[in-house]
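Enquirer: For reference, the chains in residue letters:
Number of protein chains: 2
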Amino acid sequence: MIEEKENIQFELTDELIDKVERLVELKNDKELKLLLNEFHYADVAEILDELSLEDSVYLIKLLDSETTSDILTELDEDTREKVLEKLSAKEIAEEVEELDTDDAADIIAELPEKRQAEVISQIEDEEHREEITELLTYEDDSAGGLMAKELVKVYETWTVAGCLRRIRGQAKEVTRVHSIYVVNKEEKLIGRLSLKDLIVAKSEQKIADIAKDNVDYVHVNDDVEDVAKVMSKYDLEAIPVVDDEQTLLGRITIDDIVDVLKEEAEKDYQLAAGITQDVEADDTVWELTKARLPWLVLGLFGGLGSVFIMKGYEDIMATVPSLFFYTPLIAAMAGNVGVQSSAIIVQGLANDNVKGSIFNRLVKEVGLSLINGFALAILVILFGFAINQNATESLAIAVSMMSVIIVAALVGTFVPIILDKRGIDPAIATGPFITTSNDILGIYLFFVLSGLIIGF
Amino acid sequence: MIEEKENIQFELTDELIDKVERLVELKNDKELKLLLNEFHYADVAEILDELSLEDSVYLIKLLDSETTSDILTELDEDTREKVLEKLSAKEIAEEVEELDTDDAADIIAELPEKRQAEVISQIEDEEHREEITELLTYEDDSAGGLMAKELVKVYETWTVAGCLRRIRGQAKEVTRVHSIYVVNKEEKLIGRLSLKDLIVAKSEQKIADIAKDNVDYVHVNDDVEDVAKVMSKYDLEAIPVVDDEQTLLGRITIDDIVDVLKEEAEKDYQLAAGITQDVEADDTVWELTKARLPWLVLGLFGGLGSVFIMKGYEDIMATVPSLFFYTPLIAAMAGNVGVQSSAIIVQGLANDNVKGSIFNRLVKEVGLSLINGFALAILVILFGFAINQNATESLAIAVSMMSVIIVAALVGTFVPIILDKRGIDPAIATGPFITTSNDILGIYLFFVLSGLIIGF
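Protein sequence lines correspond, in order, to chains A and B. The numbering used here runs 12 ahead of the 1-based position in the first sequence. The numbering used here runs 12 ahead of the 1-based position in the second sequence.
Where hints are given, some of them may not hold.
What the hints assert, rightly or not - Straight line, CA to CA, 35 Å or less: simulated DSBU-like cross-link-like pairs of lysine-lysine:
no., chain 1, residue 1, chain 2, residue 2
1, B, K165, A, K45
2, B, K31, B, K98
3, B, K218, A, K241
4, B, K31, A, K165
5, A, K224, B, K302
6, B, K218, A, K208
7, A, K126, A, K39
If you're looking for bench data, these hints aren't it; they were derived computationally from the structure.
When you get a sec, could you build the whole thing from the sequences and use the hints?
Expert: Following this line, the structure appears as C-alpha cells:
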C-alpha cells in the first residue's frame, strides 16, 4: 500500500504551484480534484497561500466542503481573511458545519461582527450553532476560548457494555478519543476513563467502579498559558474544562497547546528582538515597518539621550579624548549584559523557577557581574597597554565599565521581576527596552565615575 | 470524588518543603509516604529539586520504584545526575525496569559509559534490555533517539475480534494507545487504525479491510526538529518510526515533541540573548559565568575595534566633535536593525516560509530600511535643529545613519541565510554576533561617509 518515498515531508515547489495555476486557468476541475485530493489539507493550504486570491477562492469553491473547511483552518490568517471576504455567509456556514466547534468558533471570531451574526444564523445544525455561540462568549486567551465542545461523556451509573454501545455513537463525532469523561446526573465531572480501560474491563462492570477519580481539569476562565503549563508538566493529551459548579463544559487537546506554545515562543522571541507585532519575513514592507519602526524610534531617543549626556562633557574632549572612543563599547556592554540578565529571568519566570528571596538574587547578580566585569576589565587594561594609553585613563575606563556592568545586570534582572509582580508581561522588558535604558544609564555612569577617578 | 479546589495547579510552598524536610529528619516514613503519594510524580520531582541531595536520595529509596522511576524522569538534569550517583547499578536498573523504553534509554544515556554497561546488565527483563540497548545506538537528536519501542502492532491478516483480544494484552504495556499500527508478515508498516475504528467496526471484519493506508511515518535517522514540524503541521499525536526497509521500529508521541519544541525555543531565545548554554536563573554563578562571559568577550572585542576606528579620527575631534557624540546612537541603530532583521529571517527559516528569490529579498530589505532610515533621519535632523547643531553636520549624521541602517539590515538578513545554506544553525547569527559585527561596521561606515559629506 505504501510506495517507497524518500521523505514524508511534502515539498512546495514552484513547479507544483505553476501546475495548479495552469489547471485553474484551464478550468480543468477534474484534474485539479485528482491532484489536490492526493495531498493533506495542511499541504493544500500551503499551496493556496501561494496562489492569487482569485485562484484560491476558485479552489475553495471547487473542492468538497469537508476538505475545504480543514484547509481554511490551516491557511495563513491574512489569506483566510481575504478568502472569507469572497464567500457568502451561507458558504462560510457550510464550511463551519464541517468543523469541530473550537475551529469553527475561531474562524467565526475572525469575521467582522456583523458577518458573524449572519454566518451563525445560517448554521443549520441547532446544537452546533448553540455550541459555537457559547464558545464565542469566552475570552480568546482563556481555556474557554481554546476548548472544543466535542467530547465523549458517560454517566457513572452506566455499565461497560452499555457505555461501549453509546460511545460508538458519540465517538463518530469526535476526531480523537483521548479520554472518556465520567459525569454524575448533574453533569458534574467526577472522573475519567481511557478507551483502553474500557476495552480491558469486563462488560458487566459499572463505570463508577472502573473510572479514575483523580481527573485533572482546568477552569473555563484559566489563562491558556497556565493550561499549557499544566498539560505539558503532566504530559496530558487532553484536559476537561469545567465551570465554577464543576460542570463539564468542553475539553482542550494537546495539538491546540502545541500551537499556543509555538505562538508564545515566537512572541517572546520577537519582543526580545524588538518587533512589536506578529510578522513574517514574507509580510509586506508596510507591515514590517509598523512592527519595527516603533522600537527603532525608542532606540533613537536613547541614542539622542547619550548625545545630550556626552555634549555635557565636551570640555574634557581636549584633555581625555580616549573616553569618547570607549562610549560604543560601554553602551554595548551595558546592553549585552542587560539582555542576558533579562532573558534568564524572563525564561525563569515563564517556567516558574525563579525562587528564593530578592536579597539572595541581588547578591548573586552582583557577584556574577563582578566576576564577568573583572575579567573584561583586565582585557580593557591590557588593551590600554597595547595602544600606549595613559594608565590612569585605562584604569578609570576599566573600573567604570565594571560598575556599568553591575548596574546593567541589576536593571536587567529586576525590571522584569518588578513588571511580573505588577502583572505585566515581563517579556516586554527584554530587547530594545532594556538595551536603550541601559545604554543611557551606562554612558552617564561611565562619565561620572571616570570623572571621579581621573578628576574632571 | 473530587473535592472543591481553587486551582488545579500544585503550589510548591516553603511550608511544604519544610514539612518534608522535618519528616525526613524524623524518619517518619509512614507520614512521608502518605503525604507524597497524594501528589503527581511531576510535583514530587519539584519538591525533590528543592531538597538537599541526602534528603532526595532518602525519598527515592523510600518510595515505590513505580513512582520513583517517574519522579526521576521529571527531575532537573543536575539533580538527577547527583541522585543517580548515589544509587547502585542494581537500584538504577530497578527504576529503569519500570519505565517506557524511551525514558529508560534517556536516563541511561546520561550515565558515565562504564556505569551504562553495569546498569544494562542488571536489567532483568530481556526484551526490555535489548530494546533499551537498541535505542541507545541512535543519535540523540534523531527520531530513533526520541522514539519508544512500546506500541500496539497488529497483522493485516487478523480479524477485528482477534485483534481486540490480542490488543488487550499488548495495551497493558502501553501507557496510551494513540494508533494501532498495521504490519505485514515481514513486519513492514503498511497502515494504521485507531482504537475508535476498531470499536466501531464489526468483529468479523479483517484488519486489512478497515486499516487506513495513508499512514504518516518518519525515518529513524530523521532530525527531531523535522519530526516536530511534521507532527505539529499535521496535528499528529503519535508517529511511527521505520528504517530503510520500512520495518516498524518504534513510535514517537506528542508529549516528547512538546519537550523538543520548548527546548528548541529556549535555545534560540538564549542564543539571541547571548547565552551559550542551557542555563537557568537558579544555576550556580560559575555555570552562569561560563554561559555569559564568552559572548561578553566577543562584544568587548567589538567595542575595542570601535575604539581603534575612532582613534583613527582623533584629528577631527577639534573640528567636528559632535560626530563622536553620535557613535553610541549609530552603534545602537546598527545593532537593533540587525537583530530585527536576523530574528525575522531566523524565524522564517525555522518555519520554512522564506521563499522567493534572493534578489527580491534584497530589494525588499533595502526598501524597508530606506523607509525606516528616512523616518529616523528626519528625527535626527530635527534634534540637530533643537540643539543648534551645524546643519551640514546634522545632514551628514542623518545620511550616514541611513546608510548604516541599510547595511545593518542586509547583514542581519543575509548572514543567517548564508549560514543556513551551508547547513549551520542560523540562530547563532542573532544576538551578540550580529550586534557586534554591525557595531564595528556601522561606526566605520559612519565616519567614512560623514567624512565624504563634511569633507575631512
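Enquirer: Just pull the numbers of the violated hints for me, sorted ascending.
Expert: The structure breaks hints 3, 4, 5; every other hint is satisfied.
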